[in-house]
Every structure is written in C-alpha cells, then in structure tokens.
Amino acid sequence: MVTDRQLATSKAINRRTGRTFYVATRLLPKRVRHPTYVLYAFFRTADEVVDDAAGVPSDDQYAALERLRAQALGRESTDDPVLVAFREVAETHDIPDAEIESFVDAMATDVEKGRYEDYAELEAYMRGSAAAVGRMMLAVVGADDRARARPHATALGEALQLTNFLRDVREDIEEQDRIYLPRTTLERHGVTEEQIRRLEFSEGFAAAVHDELRRAESLYWHGVRGIRYLPADCRFPVLLAAVLYAEHHRLIRARGYDVLSATPRLGLARTAWVVARTRWRWQFRRDPETVFEAVSAVSEGAGRRAGTGSSSPTR
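In the numbering used here, the protein residues as written are 1 to 315.
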C-alpha cells in the first residue's frame, strides 16, 4: 500500500506545481484522489528531469530518464517515495506498461527537440505525454466501459496540454527554448521564430494563437462528451478540471491573444468564482456537456462544438 509519507510527498508536489489540477483533484473521491496525487507527482518528477536541467548534458538527461523508466516499470529498485508509490498505483490499477513507456519516451523528446513542423508532429508528441496521462487517469478512475471512454480521455488530455502550450508561449521560449505552436500555423500567418524569440507581438501572431485555441476547443468538446462514461462520483471533478483549464482561453482572448508580453494566470479569486459557478450549475443539471457549455470559456467561441460546421482545425 502507498504509505502516508509517500502520499504526503506526492500531494505536496501536486499542490506546489499544479494548482489548477490540484483544485479539481481535491474533489475526487478518496479512492481516486490519493492515487491521482501519486500519478501527478510521477509526471512532474519525469518532467523535471528535462525542464530543470540547465547545464546538464543531454546524455545525462537521457540516462536519468532511463533510470526513471526502469524504476517506474519495476525493473529496478528505488527508495524514491514518488516512484515507489507510483509502482504500487500502477500495479493496483492495471496501468499498462505501454502507457508508462510512451510517457517517458515523450519526456525524452523534450531533451533536444523544441520545434514542431505541423500539428501531426505535435499530436504524436502529445500522444505520449498528455494523452498517456489521460489514459492512465482513466485506469485510476475506473470507467465501466474503458474502451468507449478512452478516445475521449485522450482528447481531453490533449486539450489541456494545448491550453498549457498556448498559455506558456513566453515561458517556453525564454526558459526552455521551445515553441509548441506548429511551424505551419505560424508560417500561414507570417510569423517567424525570430519574432517569438524577441517576444514581438503582431496581428499574425494573434491569428496563429486564435487558430490553435480553436483547435483546442474542438478537443475539449470531444473530451467532455466522454465524462458520461466515468463513475458518477468522478464526473464533476473531471468536468471542473476542463472548465478551469479552459478558463485560460477567456484570459487569452481578453488580452487580444497576446501571450508574449505576459503569461495569463488564473488568480485565486477567479478560480474560486469558476468553481462556485460550475458547482451551482451542476446542482441543477448534472449533464457534463450542458454545464460545460453554460460555464466554460470555450462556449464563447464560434463553432464551439466540434462537428457543427466550424472551420477550426482539429486533426
């Protein structure tokens, strides 16, 4: 069993590094909440191997990830409380080794790759990172019909990560020398890599962010449609996570799509307001799609539901 110390360590990592996700996680039932803390801590531990590696040679980063892979898969012993707890959660909830492998492979991609030619290339990366996270969460939540829920969990994981990419353009280029906006999208609107390096905002950059925002919003709708397949006591927290992440879209639009001069952040007051508004709606209509349309920032966009004639790119 996961010990109190291991759980406390994992929870502290979640609270410190993922405040938006932490808010929604706290509302999950205990049987799901505790392993979710462990999953998140594992994800952050792997992520930090490459994100907090200034001055560390790439070969050393790859070696660290391979050790983490072996420990996460139970092939190598460890006394790291996060990895020990993760292995316990993975075995208890039958998380496939393939998902763990895919996730670590994606983290390895970040060691040296910082540009993506088109969305297909970015999507392949997300299939190992955000989508794998969504599928691991699905195993912990315990959907009755996992096969039907799986594509929706994949889409929601990708939507959340795309929101992070759009929110963090400034931080990604300044701190990690990464640009997650597809090069084809940037070129279509006349935006160069040098402009982004200089944090030079333009109408073309605004249009590029708008296009990728619309892509993410189509994925949100596909993801939210699958919440119905989750256990009843997990639906609201998962819906709330989607609403909170999508709230960044409201902030981005309010800034005229300028994510270069500053990074949009949800403050505590706004977060509390979104939680209260979503919970109030949920009391009267416990339908994820209806509530998401009523309260989320995504509902402000044209062609808000995928498949309704919107010209927004999806795949």
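Hints were generated in silico from the structure; no laboratory data involved. Beta carbons: idealized from backbone N, C-alpha and C, even for Gly. Treat the hints with care, since some could be wrong.
[Said to hold, decoys possible] Derived CB-CB ranges, DEER-like:
#, residue 1, residue 2, range
1, Arg198, Glu112, 30 to 40 Å
2, Ala232, Asp60, 43 to 53 Å
3, Asp79, Asp105, 20 to 30 Å
Going through the hints against the structure:
Evaluation of the 30 to 40 Å hint for Arg198 and Glu112 yields a failure: the beta carbon distance comes to about 23 Å. Roughly 47 Å separates the CB atoms of Ala232 and Asp60, a value that falls within the hinted 43 to 53 Å. Separated by about 25 Å at the C-beta atoms, Asp79 and Asp105 satisfy the suggested range of 20 to 30 Å.
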